[in-house]
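Here the protein sequences come in this chain order: A and B. Using our numbering, read the first sequence as starting at 1 and increasing by one per residue. Using our numbering, read the second sequence as starting at 1 and increasing by one per residue.
Keep in mind that the hints were calculated from the coordinates and are not lab data. Possibly wrong hints are sitting among the right ones.
It does not matter which identical chain is meant; a pair holds if it fits inside one copy or across any two.
What the hints assert, rightly or not - In silico DSSO-like links for lysine-lysine, alpha-carbon gap of 27 Å or less:
#, residue 1, residue 2
1, Lys101, Lys258
2, Lys185, Lys300
3, Lys39, Lys258
4, Lys159, Lys416
5, Lys22, Lys12
Please read all numbers here as calculations on a predicted model, not as lab measurements.
2 protein chains.
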Amino acid sequence: MDVYISGVGMTKFGRSKESLEKMMTEAASSALEEAHLEKVEAIYLGVMNAEEFVGDSNFATLLADTLGLTGTPSTRVETASSTGAGAFETAFYAVASGHMKHVLVLAGEKMTHLSTAKTTRILSEVIDRSERRYGATMPALAAMIAQKYAREFNLSPMKLEDILARVAIKNHSNGSLNPYAQFRKIITKEDYLKSQMVAFPLRLYDCAPITDGASSIILTSQPTPIRVSGIGHATDTAAVRHRTSFTSFNSTKEAAQKAYTMAQLNPSDIQFAEVHDAFTLFEIIGTEDLGFFPPGEGWKALEEGITHLQGRLPINPSGGLKARGHPVGASGLAQLVEIVYQLKGKAGKERQLKRAEVGLASSIGGLGNNNLVTILERSDRTQIIKEGWRPDYHPDIRVSQKKPAPPPSEGVGILKTFTTLYATPEGFRSPLTLGLVETETGEMVMACNPDYHFPQKLKMEKKVCLKTREGIYVFEKLTPWNRMKRWFKGSSKSG
Amino acid sequence: MDVYISGVGMTKFGRSKESLEKMMTEAASSALEEAHLEKVEAIYLGVMNAEEFVGDSNFATLLADTLGLTGTPSTRVETASSTGAGAFETAFYAVASGHMKHVLVLAGEKMTHLSTAKTTRILSEVIDRSERRYGATMPALAAMIAQKYAREFNLSPMKLEDILARVAIKNHSNGSLNPYAQFRKIITKEDYLKSQMVAFPLRLYDCAPITDGASSIILTSQPTPIRVSGIGHATDTAAVRHRTSFTSFNSTKEAAQKAYTMAQLNPSDIQFAEVHDAFTLFEIIGTEDLGFFPPGEGWKALEEGITHLQGRLPINPSGGLKARGHPVGASGLAQLVEIVYQLKGKAGKERQLKRAEVGLASSIGGLGNNNLVTILERSDRTQIIKEGWRPDYHPDIRVSQKKPAPPPSEGVGILKTFTTLYATPEGFRSPLTLGLVETETGEMVMACNPDYHFPQKLKMEKKVCLKTREGIYVFEKLTPWNRMKRWFKGSSKSG
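Can you build the whole structure from these sequences, using the hints too?
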């Protein structure tokens with residue numbers, strides 16, 4: 001059974017004084033009003049971590065009651081930072097089953113009331129325990145991916161910096177036109193360069209902000225102008241170091257393949273997209289994973305203006321997570337709200353795209369391991385004859401299998417990527433240098449570098465000394481005067 | 001599209017040294033093996049609060065990876081203590097939509113590693129904030145319902161005690177025959193009476209234990225011997241005091257009505273049931289809400305042996321939450337695993353029921369506000385002609401609407417029910433007497449009683465003094481010598 005959208009709503013994203021349930025009620029009310037509904041048959045509620053952010057469990061029930069829909073079945077859905085998209089997918093199947101006619105999807109998160117250190121700790125819980133215990137945060141892992149991307153595609157540090165700045169500048173520019181965005185100011189390259197380093201090479205302006213907000217969509221089995229034409233969902237290894245690729249996300253590629261197949265569309269059919277840019281480089285990687293551009297070439301499209309608001313394939317017309325803001329549970333659904341605005345020609349004079357009949361949203365859960373791709377179309381879109389349709393999207397998908405933890409090994413390894421983290425979670429000193437090291441037995445391990453004052457001396461693909469200390473891997477530059485004996489002194493002085 | 005069950009699995013419930021993901025892997029492996037599957041198209045994962053119980057977010061991804069199913073779409077579903085049933089329902093629609101052939105439902109919780117006080121606090125987060133701040137716990141609210149039930153149906157304190165003991169004794173007896181049960185010892189009435197008071201009139205043996213465990217079911221669109229014939233889901237007010245009834249759960253009645261309608265079955269067609277007995281009285285109320293027995297008469301069926309293992313309508317042949325144990329996320333799915341065991345004649349010589357072609361499970365989320373009812377049948381069951389089928393289940397459903405918080409009021413109120421809580425959450429003194437008081441304006445408020453040494457002097461339906469103190473309602477017996485002036489002294493002495 002086909003599934004359609006009959007209403008959408010969202011709050012302004014940003015710092016809010018309202019409670020989470022009040023924000024969600026605001027978003028839901030707009031959607032219900034647009035759909036001319038007072039009741040629905042079920043509520044699918046996306047909140048990533050109400051338990052720790054607002055201290056509540058049983059949130060699905062609370063919301064049904066707060067909305068005045070007491071009695072209505074209400075289910076909470078969670079897929080880490082793609083939760084909004086996960087709730088949408090879950091609701092899609094409920095309607096597609098024919099058991100329900102009208103379903104409310106509602107997603108939100110409240111984060112700004114906590115300290116940044118606490119928020120960072122809560123967000124870090126999506127990271128595999130074995131990597132989290134090194135002090136790895138989401139920006140730290142994203143930074144290691146950025147380093148690897150630059151290395152793999154031969155981008156100089158300055159070139160990488162320029163690419164990242166361009167994403168931030170473009171998305172802030174788009175966000176400045178979006179009344180729902182957290183940041184409505186344009187930024188310059190100078191602003192970008194002045195912003196503080198969070199995890200080398202990622203700056204504050206490379207990271208989506210901490211945000212409060214809610215978004216909502218009504219799904220229905222009755223035809224409306226907007227049809228859900230494709231949904232795909234895939235996971236990847238919990239630990240980043242177990243991946244087969246550090247410069248693309250298999251989970252996005254698999255999810256995209258399923259969505260394109262369901263929609264019988266190819267990447268070239270997509271006219272615009274919202275692409276999860278929790279970190280600037282993720283937008284570039286996303287446009288490659290989605291088949292819009294070849295691997296390593298997404299940044300060229302950005303340079304050429306293709307992904308700009310007036311380009312051939314606008315990416316994140318909303319401003320993306322970067323500028324619209326990133327209430328973790330809400331973002332995946334807010335992307336779809338933006339697509340509906342565009343498809344209905346209601347994105348506002350300045351932001352409205354000319355070609356807006358087919359849009360795609362790509363949402364990332366965790367560090368790229370619970371991803372969803374959703375395609376929405378105008379129902380009146382001229383359909384090309386689909387007889388014998390064959391996809392032209394054939395991504396290189398190599399899903400990794402979780403490997404058993406390697407035995408502690410010492411000796412020489414190869415530094416595959418690294419970062420120096422300046423915004424460390426509670427309990428970790430700053431700066432903290434972390435790397436992924438390939439052992440002599442071919443295993444990939446996370447390791448920290450105690451010589452934290454000189455991270456710039458580290459080079460990828462170079463041999464390093466690998467030791468274990470209290471079950472933690474430690475790596476250091478392999479030099480003629482081996483400084484191993486200094487380690488313990490050095491770390492206790494700073495501890 | 002019809003949905004069938006092709007495999008089930010569960011761990012032994014109890015205190016486990018294994019991690020949550022290892023227990024869940026064990027449960028999933030059995031189910032996958034029985035279904036002869038190595039892959040599924042999606043995983044629906046029920047965990048109520050992995051964030052606070054085990055400190056992990058993004059648990060759906062971790063499990064897909066741990067199971068060796070890296071890449072498989074994986075979604076976490078949560079509906080408080082009915083989470084296992086909620087995950088099952090969500091997966092049901094995914095298969096019913098025709099988009100998926102084989103889906104893994106997996107539910108679990110790990111709780112025993114934390115202190116009871118901490119576990120109590122975490123579990124209390126499912127309670128509405130406005131009631132939680134009085135120190136109300138799940139047993140406290142259940143105890144108030146038990147008091148009200150006894151009052152409404154004219155049961156003396158001794159009679160109520162006898163009924164509750166009978167539920168505990170029956171379920172422990174059933175559990176003693178269940179190799180998966182946490183408690184495998186039978187208990188006597190003497191044991192019951194010796195068990196400590198948790199929240200008057202509920203004793204330790206009235207409350208389901210704190211448990212580790214996992215359960216799993218494979219749903220498929222391909223016909224198998226077990227068919228999912230009915231599912232219903234409903235919520236109720238977040239706050240207990242906003243309910244229209246304190247002696248039944250509207251959410252169970254609504255969910256049951258939907259499930260019976262989908263299955264085209266009546267309560268009299270059900271041959272056995274698993275009924276959420278987190279507190280002994282909830283089993284009695286459940287059998288009434290499900291239409292098995294008239295309101296206020298469920299306990300008679302128990303006395304007459306109707307709900308015993310060898311009776312006409314066995315309730316909780318597994319031992320129920322009481323004896324099998326209650327890993328909050330897993331219980332709703334474990335109930336369904338038991339039903340499948342019974343329907344397949346695989347419940348073991350001592351526990352196997354003779355009539356086992358149609359079974360029902362009723363799961364309660366929160367304090368009766370996110371409930372699901374699921375009906376499973378043998379596919380080879382002789383179908384009665386359904387032409388012109390009409391339900392004979394017409395429960396009295398009166399869903400409440402959330403009322404605005406009443407302004408603080410003082411004066412005289414009526415004490416509708418109360419309890420004295422001995423196992424208080426962190427930060428509250430013990431014992432703590434709580435009550436629901438109807439104000440002169442007809443509002444129901446929660447209130448605490450500072451004269452905590454003499455709770456037995458309190459009587460329901462009697463007038464009490466109602467005051468507010470720092471935004472908290474306080475009630476006291478209305479006596480000629482008004483003791484209001486003693487309040488502040490009394491409470492500071494004990495504080």
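Now the hints, each set against the structure:
no. : hint               : in the structure
1   : Lys101 with Lys258 : both (24 Å within a copy, 15 Å between copies)
2   : Lys185 with Lys300 : within (25 Å within a copy, 70 Å between copies)
3   : Lys39 with Lys258  : between (32 Å within a copy, 16 Å between copies)
4   : Lys159 with Lys416 : within (20 Å within a copy, 72 Å between copies)
5   : Lys22 with Lys12   : within (13 Å within a copy, 42 Å between copies)
In this structure, none of the earlier numbered hints is contradicted; all agree with it.
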